[in-house]
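Kindly generate the complete structure, drawing on both the sequences and the hints.
The sequence shown begins at 1 in my numbering and counts up by one.
Some hints here could point you the wrong way.
To be verified - Using 35 Å as the maximum straight-line C-alpha spacing, the simulated DSBU-like pairs for lysine-lysine come out as follows:
{"hint": "1", "residue 1": "Lys422", "residue 2": "Lys657"}
{"hint": "2", "residue 1": "Lys147", "residue 2": "Lys162"}
{"hint": "3", "residue 1": "Lys678", "residue 2": "Lys356"}
{"hint": "4", "residue 1": "Lys21", "residue 2": "Lys132"}
{"hint": "5", "residue 1": "Lys384", "residue 2": "Lys678"}
{"hint": "6", "residue 1": "Lys132", "residue 2": "Lys221"}
{"hint": "7", "residue 1": "Lys221", "residue 2": "Lys192"}
{"hint": "8", "residue 1": "Lys132", "residue 2": "Lys162"}
{"hint": "9", "residue 1": "Lys116", "residue 2": "Lys221"}
{"hint": "10", "residue 1": "Lys253", "residue 2": "Lys75"}
{"hint": "11", "residue 1": "Lys21", "residue 2": "Lys180"}
{"hint": "12", "residue 1": "Lys525", "residue 2": "Lys476"}
{"hint": "13", "residue 1": "Lys253", "residue 2": "Lys192"}
{"hint": "14", "residue 1": "Lys422", "residue 2": "Lys373"}
{"hint": "15", "residue 1": "Lys132", "residue 2": "Lys55"}
{"hint": "16", "residue 1": "Lys75", "residue 2": "Lys221"}
{"hint": "17", "residue 1": "Lys657", "residue 2": "Lys384"}
{"hint": "18", "residue 1": "Lys384", "residue 2": "Lys356"}
{"hint": "19", "residue 1": "Lys448", "residue 2": "Lys373"}
{"hint": "20", "residue 1": "Lys147", "residue 2": "Lys55"}
{"hint": "21", "residue 1": "Lys162", "residue 2": "Lys180"}
{"hint": "22", "residue 1": "Lys221", "residue 2": "Lys180"}
{"hint": "23", "residue 1": "Lys55", "residue 2": "Lys21"}
{"hint": "24", "residue 1": "Lys481", "residue 2": "Lys221"}
{"hint": "25", "residue 1": "Lys147", "residue 2": "Lys116"}
{"hint": "26", "residue 1": "Lys192", "residue 2": "Lys147"}
{"hint": "27", "residue 1": "Lys180", "residue 2": "Lys132"}
{"hint": "28", "residue 1": "Lys180", "residue 2": "Lys75"}
{"hint": "29", "residue 1": "Lys657", "residue 2": "Lys581"}
{"hint": "30", "residue 1": "Lys116", "residue 2": "Lys21"}
{"hint": "31", "residue 1": "Lys253", "residue 2": "Lys356"}
{"hint": "32", "residue 1": "Lys384", "residue 2": "Lys192"}
{"hint": "33", "residue 1": "Lys525", "residue 2": "Lys384"}
{"hint": "34", "residue 1": "Lys162", "residue 2": "Lys384"}
{"hint": "35", "residue 1": "Lys422", "residue 2": "Lys448"}
{"hint": "36", "residue 1": "Lys253", "residue 2": "Lys147"}
{"hint": "37", "residue 1": "Lys678", "residue 2": "Lys422"}
Everything labelled a hint here was simulated from the structure, so no lab data went into it.
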Amino acid sequence: MVMLASDRLPALDELTDYRPKVPLRIYSAEGELLGEYGDERRSVVRIDQVPALMKNAVLAAEDSRFFEHGGIDFKGIARAALSNLFSGGRDQGASTITQQVARNFYLSSEKTYTRKIYEAMLALRIEESLTKEQILEVYMNQIFLGKRAYGFAAAARIYFGKTLDQLTPAEAAMLAGLPKAPSLYNPLVNPKRATERQHYILGRMHEIGSLTEAEYQAALKQTLRYASPAGELAQQAPYAAELARLLAYDLFKDDIYTAGISVHTTIRAAEQRVATAAVRQGVIDYDRRYGYRGPERYIDLPAGQAGAEALIEAALDETPDVEEFRTAVVLEADARAVRVSRGRGTVITISGDGLKFAAPALSDRAPVARRLKRGAVVRIAPLKSDWEITQLPEVQAALVACSPEDGAVRALVGGFDFSRNKFNRVTQAWRQPGSSFKPFIYSASLEKGFTPASVIDDAPFTVNPALTGGQVWEPKNYDGKFEGPMRMRQALAQSKNMVSIRILQAIGPRYAQDYIARFGFDEDKHPAYLTMALGAGSVTPWQMVGAYSVFANGGYRVEPYLITRITDASGRVLAQASPVKAGDENARAIDARNAFIMDSMLRGVVRNGTARRALSLNRGDLAGKTGTTNDSHDAWFAGYSPAVVAVTWVGHDQPRKLGDRETGGGLALPIWMTYMGKALAGVPEQTPTPPEGIVEVSGEFYYAESVPAGKAGPVNPGRSAEPPAPTAR
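See below:
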């Protein structure tokens, strides 16, 4: 039997040329983990990189005589047999680490005599072919430890958010207890059993001299703190990580999930955290302004406890938690208190401030479909040291920011919650830009002889049915008022629709349609009609951040990009970004003079216009444009400093009205301001210098060839023209 088994043993190529599956990993610019993709989450380490503490914990738990036996521990087998005899048949195994390696690579886990013979023979052959250190290295990297973690380096990161050399004895012992039964001893699922196993291993470490008495006692008392599965930043940048994964997949297909490929991105960790928080807070603030909508649904709970628990558990499974928005089922409700169940016998009583937001739904006058009553499925969230009844927002928002110098994406938030909806609104949502598109029409007009001082009539405008092919078109300004003749600079600051339409009419929609392609817009998504002046075409936030970079960097077209390089498991570079940079004349999109004047006018929007709120950032180098579409379906703010460009959008996935008085300045701008406050912290203000060919006359800038007749003036470097009119809204 033994000779037959020996003849059938497989070759050991998988061990002698060990090449484990290593998942795809996405990293921030600083090297923080953004995401991990693959069936096996593994971080391969050499045995000399494994601290003695971790090795000792594993040996104490699994095979304390590893360096003494030849693959089969006959003393251990005898000890286990005696233990099983005196414990009344309770099974205690005696598999060595070498046997476990043999089983994991070549055999099943079935408990048959044939398998055990093969396992023993394989263990002996492995010991002949590999050194003890090599065997232990394979084991430390290959063993399954739950939560898709393979190997102790991956488990240390997944369970504790640490590297192996950062582990405490208590943490190392907890991980060392997992190989025996990863599910049974998972500390997150079965904390009691996991702790019992941990204490046993700590005791063994103390017995064999790996821990002193003081270290042993301290480890027994330590309270363990567990980390999020993929690292804290991964919770803040899921849309960026997913976009990077898709881009990498296009290059390497399915190989990316097992080959240990690393994708290094341009995302700046600190800015990404603030961007995510800003988007979430902006959405929540908007949602709460419009009040409580009522429970998400109702389930029919029987009057008593019997049978109710199963229905509650089913409802909670069907309506999972979303971040801090936890699902609960109402058991009792009145104006003073609401009792809710979180399942598994957990009941929470909410009262006082926790009921304020949902108070209308507790009234007898509340519509039946919105009333809080037994069986209502609701959301609750932490409120200081208590809970409150809240709701999941229905509105969405997005933010993307880049460096205007080369287009490197610094932060990207594609929506309110990735787990609920993976649709990336930065790259996939085609929406009307509204007034945030006007600067591109103004830029086109400068090439047709217009100047910031050109006077245009802000008066009613009508297009008859013969020209529209349908009904009369009578556009209005946002406030419904008309202020008569005004300068272009003032009109942009106040976002006057009538002026934009007349500018477009003068330069020609077809010319404007061709011109906007310089900024990266798709001409076919912006039909050559006068409605283009009001931003009636379609853009994505990704396009907008690239387009506004042209104004920020002096007129150069840079493409937003997310990935700097892709490397293999050995660190070899497989792909490298080569971004076009501002200053490369081959990338020039518009005249430097055009960019300078547009920057001057867009700074006026912040100083004296619809974005005046941004003055609270206490910077003089901010520029941008608000955008609110027809019927307030979309709210935008696109803005920048010379160092950072950022675009924010707020709206519903299925377009509908945000509210009668909702605007880009009220919804999107605050999100932008929160992000920019972080991105520009410590960044000195920059004052633009007028390029050659710019002339200043009476505080206004002109192309040298467009100076009004009878006026002349020198170039005045370092000064920005002040808008002559105050804010309108």
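Do the hints match the structure? See the list:
1. The hinted pair formed by Lys422 and Lys657 meets the criterion: a straight-line CA distance of about 23 Å does not exceed 35 Å.
2. Restraint check for Lys147 and Lys162: the C-alpha separation of about 16 Å stays at or below 35 Å, so the hint holds.
3. Distance restraint check for Lys678 and Lys356: the Cα-Cα separation of roughly 32 Å lies within the 35 Å cut-off, and the hinted pair is therefore satisfied.
4. Of the supplied pair hints, the one linking Lys21 and Lys132 holds, its CA atoms being roughly 22 Å apart against a limit of 35 Å.
5. For the suggested pair Lys384 and Lys678, the alpha carbons sit about 25 Å apart, so the restraint of at most 35 Å is met.
6. Note on Lys132 and Lys221: the hinted pairing holds, with a Cα-Cα distance of about 34 Å set against a maximum of 35 Å.
7. With a CA separation close to 14 Å, the supplied pair Lys221 and Lys192 stays within the 35 Å bound.
8. The hinted pair formed by Lys132 and Lys162 meets the criterion: a straight-line CA distance of about 26 Å does not exceed 35 Å.
9. The straight-line distance between the Cα atoms of Lys116 and Lys221 is roughly 39 Å, outside the 35 Å bound, and the hint therefore fails.
10. In summary, the hint linking Lys253 to Lys75 is not supported, as the alpha carbons are separated by about 50 Å, beyond the 35 Å threshold.
11. Using a Cα cut-off of 35 Å, the hinted pair Lys21 and Lys180 holds, with the two alpha carbons roughly 22 Å apart.
12. Among the hinted pairs, Lys525 with Lys476 is consistent with the structure: their alpha-carbon atoms are about 23 Å apart, no more than 35 Å.
13. Proposed proximity of Lys253 and Lys192 is contradicted: the alpha carbons are some 43 Å apart, above 35 Å.
14. Distance restraint check for Lys422 and Lys373: the Cα-Cα separation of roughly 32 Å lies within the 35 Å cut-off, and the hinted pair is therefore satisfied.
15. For a cut-off of 35 Å, the pair hint linking Lys132 to Lys55 stands: about 12 Å separates their Cα positions.
16. Straight-line distance between C-alpha atoms of Lys75 and Lys221 comes to about 33 Å, which keeps the hinted pair within the 35 Å bound.
17. For the given pair, Lys657 sits about 33 Å from Lys384 by alpha-carbon distance, which is consistent with the 35 Å threshold.
18. For the proposed pair Lys384 and Lys356, the alpha carbon gap of about 14 Å is at most 35 Å, so the pair holds.
19. Of the pairs offered as hints, the one joining Lys448 and Lys373 is violated, with about 66 Å between alpha carbons and a cut-off of 35 Å exceeded.
20. Pair hint Lys147 plus Lys55 holds up; C-alpha atoms about 21 Å apart against a cutoff of 35 Å.
21. In summary, the hint linking Lys162 to Lys180 is supported, as the alpha carbons are separated by about 22 Å, within the 35 Å threshold.
22. Of the pairs offered as hints, the one joining Lys221 and Lys180 holds, with about 23 Å between alpha carbons and a cut-off of 35 Å not exceeded.
23. As the CA atoms of Lys55 and Lys21 are separated by approximately 22 Å, the hinted pair is consistent with the 35 Å bound.
24. Only pairs whose Cα atoms come within 35 Å are accepted, and Lys481 paired with Lys221 is rejected, the gap being roughly 72 Å.
25. A distance of roughly 28 Å separates the Cα atoms of Lys147 and Lys116; the hinted pair therefore holds under the 35 Å criterion.
26. A C-alpha spacing of about 18 Å is found between Lys192 and Lys147, which places the hinted pair at or below 35 Å, so the restraint holds.
27. The hinted pair formed by Lys180 and Lys132 meets the criterion: a straight-line CA distance of about 21 Å does not exceed 35 Å.
28. A distance of roughly 20 Å separates the Cα atoms of Lys180 and Lys75; the hinted pair therefore holds under the 35 Å criterion.
29. For the hint linking Lys657 to Lys581, the alpha-carbon distance of about 39 Å lies beyond 35 Å, and the restraint is violated.
30. For the hint linking Lys116 to Lys21, the alpha-carbon distance of about 27 Å falls within 35 Å, and the restraint holds.
31. A hinted pair counts as satisfied when its Cα atoms are at most 35 Å apart, and Lys253 with Lys356 does not qualify at roughly 51 Å.
32. With a C-alpha separation of about 29 Å, the suggested pair Lys384 and Lys192 falls inside the 35 Å cut-off, and the hint holds.
33. Taking the CA atoms of Lys525 and Lys384, the gap is about 48 Å. The hint is violated against a cut of 35 Å.
34. In summary, the hint linking Lys162 to Lys384 is supported, as the alpha carbons are separated by about 29 Å, within the 35 Å threshold.
35. Pair hint Lys422 plus Lys448 does not hold up; C-alpha atoms about 44 Å apart against a cutoff of 35 Å.
36. Of the pairs offered as hints, the one joining Lys253 and Lys147 holds, with about 25 Å between alpha carbons and a cut-off of 35 Å not exceeded.
37. Proximity of Lys678 to Lys422 is assessed by CA-CA distance (about 26 Å); at most 35 Å being required, the pair is judged to hold.
In this structure, the hints that do not hold are numbers 9, 10, 13, 19, 24, 29, 31, 33 and 35, in rising order.
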